Amino acid sequence: MQKLNPNSTKAIKVYAQFIIEILNDKEGGNEYLSYSKDYSNLKTIKLEGNNPVDGSACIIASGLPNKIGIITTMNSGAERIIGYTKLEIENRHINIIIPEIF
Numbered sequence: 692m693q694k695l696n697p698n699s700t701k702a703i704k705v706y707a708q709f710i711i712e713i714l715n716d717k718e719g720g721n722e723y724l725s726y727s728k729d730y731s732n733l734k735t736i737k738l739e740g741n742n743p744v745d746g747s748a749c750i751i752a753s754g755l756p757n758k759i760g761i762i763t764t765m766n767s768g769a770e771r772i773i774g775y776t777k778l779e780i781e782n783r784h785i786n787i788i789i790p791e792i793f
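For the sequence shown, the numbering used here begins at 692 and goes up steadily by one.
Simulated restraints on C-beta separations: (1) I789 - L755: 14 to 24 Å; (2) H784 - V705: 23 to 33 Å; (3) T763 - N715: 32 to 42 Å; (4) I773 - A702: 16 to 26 Å; (5) N782 - E718: 39 to 49 Å; (6) L755 - A702: 10 to 20 Å; (7) S767 - I713: 29 to 39 Å; (8) K758 - D716: 36 to 46 Å; (9) K758 - N721: 30 to 40 Å; (10) G760 - V705: 21 to 31 Å; (11) N782 - E712: 39 to 49 Å; (12) D716 - T776: 33 to 43 Å; (13) S767 - K717: 28 to 38 Å; (14) Y726 - I761: 26 to 36 Å.
None of these hints come from the bench; they were simulated from the model. Quantities reported herein were computed from a predicted structural model and do not represent experimental measurements. Every residue, glycine too, gets a C-beta built ideally from N, C-alpha and C.
Go ahead and model the full structure; you've got the sequences and the hints to work with.
Below, the structure written as structure tokens:
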């Protein structure tokens, strides 16, 4: 189980308001507001196997104070994109996949 950051629902609400007010898309914005209500009732999210987000390349890094930026899991889509296997990259810092600033 992965703890949900309490700010996640706030971020979804802010994004929903952006969609409604700036992009003038009430339907799309209301859909995100609905998501934020669903997520506000959750305390944890279960990550199934090697596929945290179906159909997408996904890498999850820790936000805990003593582990900020440490990769906790990733799926096969991310493996294909970055060229590392899950075993090679888990428990390493996210900087391993971020290119240097030139």
